[in-house]
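J.: Each chain, written out:
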Amino acid sequence: MNPDTTPNPRPCEDGQGVLAPCSPLAVPNVPFQQKGSQKYEQSEALANGTLFPGLDLPFHLKAKAASVPEGAAAELQALCFVITELGLYLDTHQDDQEAVQLFQQYTRLAEEGKRRYEAMYGPLTQRSAIQNGRYVWLNDPWPWEYRKEGGNK
Amino acid sequence: MFVYEKKLQYPVKIKNCNPKLAAAIISQYGGPDGELGASLRYLSQRYSMPYPELKGLLTDIGTEELGHLEMIGAIVHQLTRKLSDEQIKTAGFDTYFVDHTAGVYPTAASGWPYNAASMAVKGDVICDLTEDLAAEQKARVTYDNILRLSDDPDVNDVIRFLREREIVHFQRFGEAIELAKQRMNQKNVYYMNPAFDR
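So the protein lines, in turn, are chains A and B.
Here my numbering is used: the first residue of the first sequence is 1, the next is one more, and so on.
Here my numbering is used: the first residue of the second sequence is 154, the next is one more, and so on.
For reference, chain A alone in the conformation it holds in the complex (with noise of 0.2 Å):
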């Protein structure tokens, strides 16, 4: 039901999106985004606050990311992002089959980084706040906290 389901599934450039030709008068238009858009890798889609570098329109003022987050959290919400993004995509665009099998590869991968990061840092959400016997939930520091390096951040 798309718009952009026509044989060229990409008819305009990558920043670029498909209007219907003919649209009913006085109702907001917005070109639709096509598929197979071309997608930055996870951090840098971090990075930038998008997976789609035709939707990527920074500010004339600080238009260059400071730097790529790093650390073994900030990997985690790499991942986390991407399924976030992805999952928007998705909800505009269901039968995009490859953004399907993109958003089911990042949740695997989400999932092994989630296990990785609770093994390091504890738990990510209540429901994993045992470890070893103990209430671990409590412990510092919360997300909001500042701290240098890793951990929860």
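The reader is advised that the hints may include incorrect statements.
To be verified - Derived Cβ-Cβ restraints for the label pairs, each shown as a range: (1) A:Cys12 / B:Asp252: 48 to 54 Å; (2) A:Gln104 / B:Pro205: 48 to 54 Å; (3) B:Asn346 / A:Glu111: 39 to 45 Å; (4) A:Pro53 / B:Lys242: 44 to 50 Å; (5) A:Ile130 / B:Arg301: 26 to 32 Å; (6) B:Lys168 / A:Ile130: 33 to 39 Å; (7) A:Glu44 / B:Val294: 39 to 45 Å.
Unchecked claim - Taking lysine-lysine pairs in the BS3-like style, the calculated list, with each CA pair at most 25 Å apart, reads: (8) B:Lys275 / A:Lys148; (9) B:Lys275 / B:Lys334; (10) B:Lys235 / A:Lys148; (11) B:Lys208 / A:Lys35; (12) A:Lys114 / B:Lys159; (13) A:Lys35 / B:Lys334; (14) B:Lys340 / B:Lys173; (15) A:Lys148 / A:Lys114; (16) A:Lys148 / B:Lys166; (17) B:Lys291 / B:Lys275; (18) B:Lys235 / B:Lys166; (19) B:Lys235 / B:Lys159; (20) B:Lys168 / B:Lys275; (21) B:Lys235 / B:Lys168; (22) B:Lys208 / B:Lys275; (23) B:Lys235 / B:Lys275; (24) B:Lys208 / B:Lys291; (25) B:Lys340 / B:Lys242; (26) A:Lys39 / A:Lys114; (27) B:Lys173 / A:Lys148; (28) B:Lys235 / B:Lys173; (29) B:Lys173 / B:Lys242; (30) A:Lys114 / B:Lys166; (31) B:Lys168 / A:Lys148.
Simulated from the structure, these hints should not be mistaken for lab results.
Even for Gly, the Cβ is constructed at its ideal location relative to N, Cα and C.
Chain A is already provided as a structure; the job is to place chain B on it using the hints.
T.: Just chain B, lined up with the frame of chain A:
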């Protein structure tokens, strides 16, 4: 229901305190175009949405906005930790300090406490989604303005991320209107309100 994950969506690590900047950024916590209003707007609008892709999108973006609320809270908290007696007198922060000390309170930078009058739930598909397009633009401009006010790279790195999310959300809401349109009367999309008229 919601389950808390003990991590932020994007890292917030702000080395230097800056109460004056915190007093501006608090607007994205409880101001007219802030993340609290964003999450409440989307999570409330979804109840009257008639189509699955709209219920899903409003749930998912509303949930992400709650994560952004937490990030803004983290920025304000880190910018105001361990303030000196001199720092609490900083012009712009002193009026916030007298009411909230170094707590994080949902208010606009101009001093108005969070007010649901800055958001709308109209119970109409095109109306609510058009409101959402505007909301994303207003939040984007607020982040532009924060980038104009701030010269702290640790803060700007996070603000850039949040600003870009507004652009992506705008795109998805635009696509959602397109999907909704396709399900409506093609001769007159205003013939009825599919969120109310069955």
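J.: Against this structure, judge whether each hint is valid.
T.: Consistency of the hints with the structure:
no. : hint                            : result
1   : A:Cys12 / B:Asp252: 48 to 54 Å  : 51 Å, holds
2   : A:Gln104 / B:Pro205: 48 to 54 Å : 20 Å, violated
3   : B:Asn346 / A:Glu111: 39 to 45 Å : 42 Å, holds
4   : A:Pro53 / B:Lys242: 44 to 50 Å  : 46 Å, holds
5   : A:Ile130 / B:Arg301: 26 to 32 Å : 48 Å, violated
6   : B:Lys168 / A:Ile130: 33 to 39 Å : 35 Å, holds
7   : A:Glu44 / B:Val294: 39 to 45 Å  : 26 Å, violated
8   : B:Lys275 / A:Lys148             : 45 Å, violated
9   : B:Lys275 / B:Lys334             : 17 Å, holds
10  : B:Lys235 / A:Lys148             : 16 Å, holds
11  : B:Lys208 / A:Lys35              : 22 Å, holds
12  : A:Lys114 / B:Lys159             : 11 Å, holds
13  : A:Lys35 / B:Lys334              : 20 Å, holds
14  : B:Lys340 / B:Lys173             : 54 Å, violated
15  : A:Lys148 / A:Lys114             : 21 Å, holds
16  : A:Lys148 / B:Lys166             : 7 Å, holds
17  : B:Lys291 / B:Lys275             : 19 Å, holds
18  : B:Lys235 / B:Lys166             : 15 Å, holds
19  : B:Lys235 / B:Lys159             : 24 Å, holds
20  : B:Lys168 / B:Lys275             : 43 Å, violated
21  : B:Lys235 / B:Lys168             : 12 Å, holds
22  : B:Lys208 / B:Lys275             : 15 Å, holds
23  : B:Lys235 / B:Lys275             : 44 Å, violated
24  : B:Lys208 / B:Lys291             : 23 Å, holds
25  : B:Lys340 / B:Lys242             : 62 Å, violated
26  : A:Lys39 / A:Lys114              : 23 Å, holds
27  : B:Lys173 / A:Lys148             : 23 Å, holds
28  : B:Lys235 / B:Lys173             : 14 Å, holds
29  : B:Lys173 / B:Lys242             : 10 Å, holds
30  : A:Lys114 / B:Lys166             : 21 Å, holds
31  : B:Lys168 / A:Lys148             : 8 Å, holds
Hint compliance for this structure: hints 2, 5, 7, 8, 14, 20, 23, 25 are not met, and every other hint is.
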